[in-house]
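Enquirer: Hints given; two lone chains; assemble the complex.
So the protein lines, in turn, are chains V and Y. Residues in the first sequence are numbered consecutively from 3, following the numbering used here. Residues in the second sequence are numbered consecutively from -14, following the numbering used here.
Each hint can be trusted.
Below, a sample of chain Y positions facing chain V; criterion: calculated Cβ distance under 8 Å:
1. E(-4)
2. A40
3. E43
4. A44
5. F50
6. L54
7. I58
Computed Cβ-Cβ distance ranges for the label pairs, DEER-style:
8. V:G23 / Y:P45: 29 to 39 Å
9. Y:P45 / V:L129: 18 to 28 Å
10. V:Y71 / Y:E60: 18 to 28 Å
11. Y:R57 / V:Q158: 20 to 30 Å
12. Y:A13 / V:E22: 47 to 57 Å
13. V:A192 / Y:R4: 20 to 30 Å
14. V:H127 / Y:M(-14): 40 to 50 Å
15. V:L143 / Y:A11: 30 to 40 Å
16. V:A25 / Y:N96: 50 to 60 Å
17. V:R34 / Y:E62: 17 to 27 Å
18. Y:L91 / V:V132: 56 to 66 Å
19. Y:V95 / V:A25: 49 to 59 Å
20. Y:R(-13) / V:L129: 37 to 47 Å
21. Y:L83 / V:Q158: 31 to 41 Å
By construction, these hints were calculated from the structure, which means they are not laboratory data. Here a beta-carbon is modelled for each residue, glycine too, at the ideal position from N, C-alpha and C.
In case you want the letters, here they are:
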Amino acid sequence: MGAIAGALERDAELMLRVREGDAASFTLLLERHRGPVIHFIFRMVQNHDIAEELAQEVFLRVYRSRASYEVTAKFTTWLFRIATHLALNWIRDGRNEKTQESLDGAQHDGVGRQVADTAPTVEQHLLREVRLREVRAAIDLLPAKQRAAVLMHKYQEMEYSQIAKVLSCSESAVKSLLFRAYETLRSRLAHMA
Amino acid sequence: MRCPVQTDNAEVLLDYCARKLSADAATALDRHIQSCGECRSFAAAQRLVWDALDAWEEAPVSSSFDTRLYARIREYENTPWWRQLALRRLFWKPLMPLAAACVAGLVLLVNIDSPRDQAPLPAVEAVDLDQVERTMDDLEMLRQLSVVPDTQRL
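If we strip away everything but chain Y, and leave its shape as in the complex, we get (with noise of 0.2 Å):
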């Protein structure tokens, strides 16, 4: 027999000691576990283990547990049966991802659409380009008219 621990294969001692292997694979393990140090020290402690568990013995259980279980389960027939189907998740379960996609892109709209994280703008006056061409006409006129007022021509 290949020996457990050399192979990666540990946890065939932790089945042999939870008495879990078949009585050939048992029997093959205790003659290699005879010659192997390292699979007995092994198989030793893990003992140890499963008998100190087996210390933790199960407490009792209270004798008003199924009286207590059955009124909640009246309490819970007695409810709406809108309210049942919220708490068996029924309905409201399958849609969670579509609500939780639909409240990202809310917030991501209002994100966009809100200035509150921006820096305020310069106030921009609204700028007429027909008007400043029409300007530029008239001062190229004046020019050649020369009847530009001093102030300008400096």
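Chain V on its own, in the form it takes in the complex (with noise of 0.2 Å):
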């Protein structure tokens, strides 16, 4: 817990000190954050070279905001939600480009890594490419706002204050998308067993 606040204002620092003019403080927050923000994204809008675009944007508007950025909330509250406003938005604006590239595409979803890594079979690989499509296709069915309250509880590791805080709503408007959602996945995964 201690380790969890020490980081929170270890990021809330950081942000100050950019505010007071300092690049490398920025460069700092970029690299503890980078990652997460790209791998939400990408897991909202499921195309790799859109989630990169998007998460510029997302460090971008840090950077532009930083002269009024303030202690108000978590650092990660506020990124957070500059990264799901604006994957929200993308889905609302271009979704169906976006599906059609998605389920052609997998070459950046890790798969590719993981076979350099452990080198499975190609039985093995195929398998898991299986299951794999058949998680996002999964995913993406869920409605826009089920799927990031989703993502950000099983793989940012969310509290549900903090996902009511990122998606404007409150904490028991959360544990319903939350159940709806993963209702939703068990119904369309139960084969997976």
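Expert: Take a look at the structure:
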């Protein structure tokens, strides 16, 4: 808990230094959060190039807003709020093009890297790829806000309260979103047992 | 322990599968799950989802990500201050509701003033009431003098 609090203070401290014009602190913040932001957006939009483009916009907005930054919430809440906002807007505006790309291209989703690292058999690799496609399709079919809630809950390990702040809704609304989303996923992925 | 499914508290099972419960709560739920078929099947299905989501690993980040980002930051730094303000939406965002209200008011005024949507009214000649009164007086006087023309008597 102390380590988490320390990390939070560290982020806020770094951002306050960025506000004072310290470029090195921005680099540190970028190094700490670049990965989680890109992976979150990628799982939201399921297109690697779009995810990186949107992540660039997230960090650019952080940089632009540095002068008005105040420590009113966790830095990551603010960061993921921007990321979620951009991803939800993108999904709302460009969903059709995205779906086509995401179903065709799996080169960016870690499968290739896994082959190199653990060298599974071709059969294992294909089975893994099929399961991964099913997971991605199941996530993709969730309503965007449920998807965001699940991704923050599962992969960013955020508390309900933080997800609620990111999505600007109540904690009970987040619990309801998650419950419905997992219910859908349980039914869609039941055959994988 | 009260059954989470029966008491509409199934989120505890989500936390249990996400390993977010305290050790004591997890042990109590473990014991309950052993004796409750409904919770057992719920937890098994949720664990399956959890494990399936684990299969979705993180993709590597492009090596050019930072370079591209810093290029965009430099581009931003080189834009004029007024354009930066616009990009940061500092000065115009709070004014948006006011601007919207002004535009709505203007549209309303133009619509009220403009008769283009109304059907054209029939031409009405201006009537001078004094003149009508004078004519009526003249006719009355002529009638009394009996000099009213025949056509007017009919």
